[in-house]
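Visitor: Kindly generate the complete structure, drawing on both the sequences and the hints.
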Amino acid sequence: MGEPYPKLRATDLTRTFGRTPHTVDALGPLGLTVAAGEFVCVVGPSGCGKSTLLRIAAGLLRPSTGTLEIRTTSPHPVAMIFQDYGIYDWKTVQANVRFGLDVQRVPRREANARAADWLARLGLADFAHAYPATLSGGMRQRVAIARALAVEPELLLMDEPFAALDAQLRTILQDELLEITQALHTTTLFITHSLEEAIVLGDRVLVMSARPGRIIAERRPPFPRPRTGGIRSAPAFTALKGELWDLLRKEAVPA
Amino acid sequence: MTTVLPDRATVLVRRPGVRELHPVGAHRRRRALELSLAVAVPLLLVLLWQLAASRAWIDDRVYPAPSTILADGWDRAAAGELWPDVWATLRRVLAGYAVGTATGYLLGLLMGSLPLVRAALEPLLDALYVVPKLALLPVFLNMFGLGEGPQVALVAATVFFFVWISTMSAVIAVPAGHRDAGRVFGASPWQMFRHVLLPASLPSVLVGARIAAGVAVLVIVASEQIAAADGLGHLIFDSRALFQNDVMFVGIVCVAVLGVLFSELVRIAGRLLTPWAPRDRGRGQS
Numbered sequence: 001m002g003e004p005y006p007k008l009r010a011t012d013l014t015r016t017f018g019r020t021p022h023t024v025d026a027l028g029p030l031g032l033t034v035a036a037g038e039f040v041c042v043v044g045p046s047g048c049g050k051s052t053l054l055r056i057a058a059g060l061l062r063p064s065t066g067t068l069e070i071r072t073t074s075p076h077p078v079a080m081i082f083q084d085y086g087i088y089d090w091k092t093v094q095a096n097v098r099f100g101l102d103v104q105r106v107p108r109r110e111a112n113a114r115a116a117d118w119l120a121r122l123g124l125a126d127f128a129h130a131y132p133a134t135l136s137g138g139m140r141q142r143v144a145i146a147r148a149l150a151v152e153p154e155l156l157l158m159d160e161p162f163a164a165l166d167a168q169l170r171t172i173l174q175d176e177l178l179e180i181t182q183a184l185h186t187t188t189l190f191i192t193h194s195l196e197e198a199i200v201l202g203d204r205v206l207v208m209s210a211r212p213g214r215i216i217a218e219r220r221p222p223f224p225r226p227r228t229g230g231i232r233s234a235p236a237f238t239a240l241k242g243e244l245w246d247l248l249r250k251e252a253v254p255a
Numbered sequence: 001m002t003t004v005l006p007d008r009a010t011v012l013v014r015r016p017g018v019r020e021l022h023p024v025g026a027h028r029r030r031r032a033l034e035l036s037l038a039v040a041v042p043l044l045l046v047l048l049w050q051l052a053a054s055r056a057w058i059d060d061r062v063y064p065a066p067s068t069i070l071a072d073g074w075d076r077a078a079a080g081e082l083w084p085d086v087w088a089t090l091r092r093v094l095a096g097y098a099v100g101t102a103t104g105y106l107l108g109l110l111m112g113s114l115p116l117v118r119a120a121l122e123p124l125l126d127a128l129y130v131v132p133k134l135a136l137l138p139v140f141l142n143m144f145g146l147g148e149g150p151q152v153a154l155v156a157a158t159v160f161f162f163v164w165i166s167t168m169s170a171v172i173a174v175p176a177g178h179r180d181a182g183r184v185f186g187a188s189p190w191q192m193f194r195h196v197l198l199p200a201s202l203p204s205v206l207v208g209a210r211i212a213a214g215v216a217v218l219v220i221v222a223s224e225q226i227a228a229a230d231g232l233g234h235l236i237f238d239s240r241a242l243f244q245n246d247v248m249f250v251g252i253v254c255v256a257v258l259g260v261l262f263s264e265l266v267r268i269a270g271r272l273l274t275p276w277a278p279r280d281r282g283r284g285q286s
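Read top to bottom, the protein sequences are chains A and B.
The first sequence begins at 1 in UniProt numbering and counts up by one.
The second sequence begins at 1 in UniProt numbering and counts up by one.
Warning: the hint list may mix true and false statements.
[What the hints assert, rightly or not] Heads up, incomplete: computed chain B residues facing chain A, CB under 7 Å, no partners named: (1) A9; (2) V11; (3) L12; (4) V13; (5) R15; (6) E20; (7) G25; (8) A26; (9) H27; (10) R30; (11) A32.
What the hints contain is simulated information worked out from the structure, not anything from laboratory work.
What you are looking at is a predicted structure, and each value in this text was computed from that prediction instead of being measured.
Backbone N, C-alpha and C define an ideal beta-carbon position, used for all residues, glycine too.
Guide: Spelled out as C-alpha cells, the structure:
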C-alpha cells in the first residue's frame with residue numbers, strides 16, 4: 001500500500017494453551033499486516049483462534065511465539081468491543097460511554113461533551129441516564145460501540161460484536177457501523193462468523209483455517225467506498241459470499 | 001518494549017513473556033513459590049513466637065513456647081489423655097452436623113421448590129436465623145437435660161441454618177430453562193429432584209455445607225466451655241482455670257486441626273460429588 005510502516009503487523013504469531021502434555025495449539029503461525037485506516041474482517045470456523053488473535057492485539061494475552069506490532073503515538077491506542085458483558089450494568093449509559101475517557105483521565109467536562117456527542121451519533125441521547133439493563137440488545141451494543149469510539153482509538157478491535165443480536169438488528173447495526181467507520185477511517189480488526197457482515201464492512205476479508213488458525217485466503221470485496229448496505233443485493237456480493245463459503249466449509253466440516 | 005521510528009511514531013510490541021517462552025519452568029516456579037509461601041508464613045510466625053518466649057519478651061507462663069506446647073501435646077497424646085476429649089468433641093460435631101445438614105437440606109429443598117411453604121416458613125426462620133445459637137443453649141439444656149443432647153442440638157441448629165439458606169437460594173436460582181426441559185418430558189417430582197434440582201443446586205449447597213463444617217466446630221467448642229464435662233472446649237477452659245496454659249494451647253491447636261480436617265473433608269467430598277462444577281478453592285468463594 002505504499003505505507004512503509006503498517007498500522008499493525010503480526011509476524012509468525014502462535015499461541016498455545018495448557019501445559020505439556022495437554023497443550024492445545026490455538027493459533028498460527030500467522031502473519032498479518034493491516035494498513036492505517038484499513039478495515040479488515042476475519043472469518044473462520046468456531047474455535048479457530050480468531051478471538052485469540054484479537055486478544056493478543058488488545059494486549060490481554062501474550063503470544064507463545066512471534067510478535068505483533070502496533071504503530072502508534074499513544075500508550076493506549078486500542079479499544080475493543082466485546083460480544084457481550086462489555087458494558088457495565090452499574091453505570092448509566094452515559095457513564096458507560098465515558099468510562100474509557102474517565103480511565104484515561106480526560107477532564108470531566110470534556111469527557112461529558114464527547115460522551116454526549118457519541119450518544120447522539122448512535123441515537124442514544126434519550127437514554128443517557130438509563131441503566132443498560134433497561135435497554136434492548138441492539139441498544140446495549142450501540143452503547144458498547146459508542147464507548148469504544150469515544151476514546152478515539154487508533155486501533156479498533158471488534159470480537160463478533162453483533163453475534164448475540166437477531167438477524168434484522170444485525171443488518172441495521174452493520175449499516176450504522178459502516179456509515180460511522182467510513183467517516184472515521186479508524187483502523188479496525190473485525191472478527192465475525194458472518195460472511196455477509198465481513199463483505200459489507202471490510203476492505204479486506206481474511207479467511208482463517210480450523211485450529212490452529214492460519215490465514216488461508218484473502219479477498220477484497222469489489223465495492224468502492226463509500227458504500228452502503230445496498231451492496232448486499234449485488235450479484236458480485238452473492239458471488240463473493242459463495243466463494244468464501246466454499247473456502248470456509250472445508251475448514252468448518254471436520255470440527 | 002517500544003522503538004522510535006523515523007516519523008516519531010512508536011511501535012507497541014506484543015511479544016511472548018516469560019510464561020510463554022518457558023511455560024513449564026514458569027509454572028513450576030510459580031507453584032513452588034505458592035507452596036513455600038503457604039508453609040513459610042505460618043512457620044515464620046511460630047518461630048517468632050518461639051523466639052519471643054525463649055527470649056522472655058512475653059511471659060511464657062501465659063504464652064508458653066510452641067516447643068513446650070508441642071512436647072506437652074505429644075506427651076498427652078502418647079499417654080492417651082488427649083483422645084477422650086477429642087473423641088467427645090468429634091462425636092458431638094458429627095452427630096449434630098449430620099442432623100443439621102439433613103434437615104436443612106430437606107427444608108431448603110421444600111422451600112425452594114414450593115412457594116407456599118416458603119411463604120409460610122421464611123419469616124419465622126429468618127427471625128430465628130439472627131438469634132445467636134449459643135443463646136439457645138439454655139433452652140436445649142432445659143429440653144434435653146445434661147448430657148449429649150443439648151450439645152448435639154446446638155450444632156444441629158447452627159448447621160441447619162447454613163445449609164437451609166444455601167439450599168433454598170440454590171434451588172430458587174436453578175434456571176427456569178432447566179426445569180422447563182424436565183417438565184416438557186413429563187418428569188415426576190422425584191425425577192425432577194433426582195435429575196435437575198439435586199445436581200443443579202449441589203455445588204452451592206456444598207459451599208454452605210463446608211462453611212457450616214467450620215462453624216460447627218466453633219460452636220461446639222464454645223458450648224463445651226459452658227456446659228460439658230469433657231471435650232476440647234472443656235479442656236481449654238478447664239486448663240486455663242487450673243493455670244495450665246500449655247494444656248490450654250494444646251486444646252486450641254487440636255480444635256484448629258479438627259476444623260481444618262473437617263472442612264477439607266467436606267470439600268473433597270464435594271469435589272467427588274460434583275465433578276462438573278468449577279473447583280471451590282477456598283473460603284473466599286462463598
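Visitor: Could you work out which earlier hints the structure fails to respect and list their numbers in ascending sequence?
Guide: As far as the earlier hints go, 7, 8, 10, 11 are violated by this structure, in ascending order.
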